[in-house]
Amino acid sequence: MSTLPNCPKCSSEYTYEDGSLLVCPECAHEWTAAGAQAEAEAMLIKDSNGNVLNDGDTVTVIRDLKVKGSSSVIKIGTKVKGIRLIHEATDGHDIDCKIDGFGAMKLKSEVVKKI
Numbered sequence: 009m010s011t012l013p014n015c016p017k018c019s020s021e022y023t024y025e026d027g028s029l030l031v032c033p034e035c036a037h038e039w040t041a042a043g044a045q046a047e048a049e050a051m052l053i054k055d056s057n058g059n060v061l062n063d064g065d066t067v068t069v070i071r072d073l074k075v076k077g078s079s080s081v082i083k084i085g086t087k088v089k090g091i092r093l094i095h096e097a098t099d100g101h102d103i104d105c106k107i108d109g110f111g112a113m114k115l116k117s118e119v120v121k122k123i
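Residue numbers for the sequence shown follow the numbering used here, beginning at 9 and rising by one.
I should point out that these hints are in silico values taken from the structure, not numbers from a laboratory. Honestly, I wouldn't trust all of these hints.
Computed beta-carbon distance windows for the label pairs [as the list claims (entries may be wrong)]:
(1) His95 - Leu12: 22 to 28 Å
(2) Cys35 - Ala112: 22 to 28 Å
(3) Gly85 - Lys114: 31 to 37 Å
(4) Ser80 - Gly43: 18 to 24 Å
(5) Leu29 - Ile123: 39 to 45 Å
(6) Gly85 - Ala46: 52 to 58 Å
(7) Gly109 - Gln45: 38 to 44 Å
(8) Ser20 - Ala112: 36 to 42 Å
In silico PhoX-like pairs for lysine-lysine, Cα to Cα no more than 20 Å straight-line [as the list claims (entries may be wrong)]:
(9) Lys76 - Lys116
(10) Lys17 - Lys87
(11) Lys122 - Lys87
(12) Lys54 - Lys89
(13) Lys74 - Lys116
(14) Lys106 - Lys121
(15) Lys74 - Lys17
(16) Lys116 - Lys106
(17) Lys17 - Lys54
(18) Lys87 - Lys106
(19) Lys54 - Lys121
(20) Lys76 - Lys106
(21) Lys114 - Lys74
(22) Lys74 - Lys106
(23) Lys114 - Lys89
(24) Lys122 - Lys54
(25) Lys116 - Lys54
(26) Lys76 - Lys114
(27) Lys116 - Lys83
(28) Lys76 - Lys122
(29) Lys106 - Lys89
(30) Lys76 - Lys54
(31) Lys114 - Lys87
(32) Lys83 - Lys122
(33) Lys121 - Lys87
(34) Lys89 - Lys116
(35) Lys87 - Lys116
(36) Lys74 - Lys87
(37) Lys89 - Lys122
(38) Lys106 - Lys83
(39) Lys106 - Lys122
(40) Lys114 - Lys54
These figures come from a predicted structure and were not determined experimentally. Quick reminder that beta carbons are idealized off the backbone N, C-alpha and C, glycines included.
Start from the sequences and build out the full structure, keeping to the hints where you can.
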C-alpha cells in the first residue's frame with residue numbers, strides 16, 4: 009500500500025487517489041501530486057547562490073544596501089545571525105533579522121548568501 013500525503017488544506021490523513029488527482033474526503037479539496045510538489049518547492053526561500061535558507065541561519069550581505077530613511081549604509085560582508093523567514097511576504101522582503109548597529113529590519117533573500 010502506497011503512502012499518500014496529507015491534505016494541504018486541512019491536514020487530513022484520509023486522502024485518496026481519483027485518477028491523476030488526490031482528493032480529501034473531509035474538505036473536498038482536490039490537487040495533483042505534481043502540483044503539491046511544485047507548491048512545496050515554491051515555499052522554499054533561497055539565497056543569491058540558490059542555497060535553501062532556514063530559520064536561525066547566518067547570512068552575509070553581498071552588496072552595499074542603503075537604509076531607507078537614514079543616511080547610513082549596510083556594508084558588503086555584514087554578517088547577520090539568527091534570521092527568521094517570512095513565507096508570505098508581499099513586498100519581497102522575506103527575511104526578518106536584527107543587524108548590529110541598525111536594529112530590526114527586513115531583507116530580500118537575493119541580497120544575502122548563506123554562510
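Checked hints:
1. His95 - Leu12: 22 to 28 Å: Because 24 Å falls inside the window, the suggested range holds.
2. Cys35 - Ala112: 22 to 28 Å: Because 37 Å falls outside the window, the suggested range is violated.
3. Gly85 - Lys114: 31 to 37 Å: 20 Å, violated
4. Ser80 - Gly43: 18 to 24 Å: At 45 Å between Cβs, range violated.
5. Leu29 - Ile123: 39 to 45 Å: At roughly 42 Å between Cβ atoms, Ile123 and Leu29 fall inside 39 to 45 Å, so the hint holds.
6. Gly85 - Ala46: 52 to 58 Å: 35 Å, violated
7. Gly109 - Gln45: 38 to 44 Å: Holds - the Cβ-Cβ distance for Gly109 and Gln45, about 42 Å, lies within 38 to 44 Å.
8. Ser20 - Ala112: 36 to 42 Å: Holds - the Cβ-Cβ distance for Ser20 and Ala112, about 38 Å, lies within 36 to 42 Å.
9. Lys76 - Lys116: 14 Å, holds
10. Lys17 - Lys87: 37 Å, violated
11. Lys122 - Lys87: Given that 20 Å is the threshold and the Cα spacing comes to 10 Å, the pair holds.
12. Lys54 - Lys89: Judged against 20 Å, a Cα distance of about 16 Å means the pair holds.
13. Lys74 - Lys116: 13 Å, holds
14. Lys106 - Lys121: Holds: Lys106 and Lys121 sit about 16 Å apart, inside 20 Å.
15. Lys74 - Lys17: Violated, because 40 Å separates the two Cα atoms, which is more than 20 Å.
16. Lys116 - Lys106: 14 Å, holds
17. Lys17 - Lys54: Not OK: Lys17 and Lys54 at ~24 Å, beyond 20 Å, violated.
18. Lys87 - Lys106: 10 Å, holds
19. Lys54 - Lys121: Status holds; Cα separation ~9 Å.
20. Lys76 - Lys106: Holds. Lys76 to Lys106 sits at ~16 Å (cutoff 20 Å).
21. Lys114 - Lys74: Cα-Cα ~13 Å, so holds.
22. Lys74 - Lys106: Holds. Lys74 to Lys106 sits at ~16 Å (cutoff 20 Å).
23. Lys114 - Lys89: 13 Å, holds
24. Lys122 - Lys54: 9 Å, holds
25. Lys116 - Lys54: 10 Å, holds
26. Lys76 - Lys114: Judged against 20 Å, a Cα distance of about 11 Å means the pair holds.
27. Lys116 - Lys83: 15 Å, holds
28. Lys76 - Lys122: 24 Å, violated
29. Lys106 - Lys89: Holds, at about 8 Å.
30. Lys76 - Lys54: 24 Å, violated
31. Lys114 - Lys87: Holds - the C-alpha atoms of Lys87 and Lys114 are around 14 Å apart, at most 20 Å.
32. Lys83 - Lys122: 16 Å, holds
33. Lys121 - Lys87: 10 Å, holds
34. Lys89 - Lys116: 15 Å, holds
35. Lys87 - Lys116: 15 Å, holds
36. Lys74 - Lys87: Holds, at roughly 16 Å.
37. Lys89 - Lys122: 10 Å, holds
38. Lys106 - Lys83: 15 Å, holds
39. Lys106 - Lys122: 16 Å, holds
40. Lys114 - Lys54: Measuring from Cα to Cα gives roughly 15 Å; hence the hint holds.
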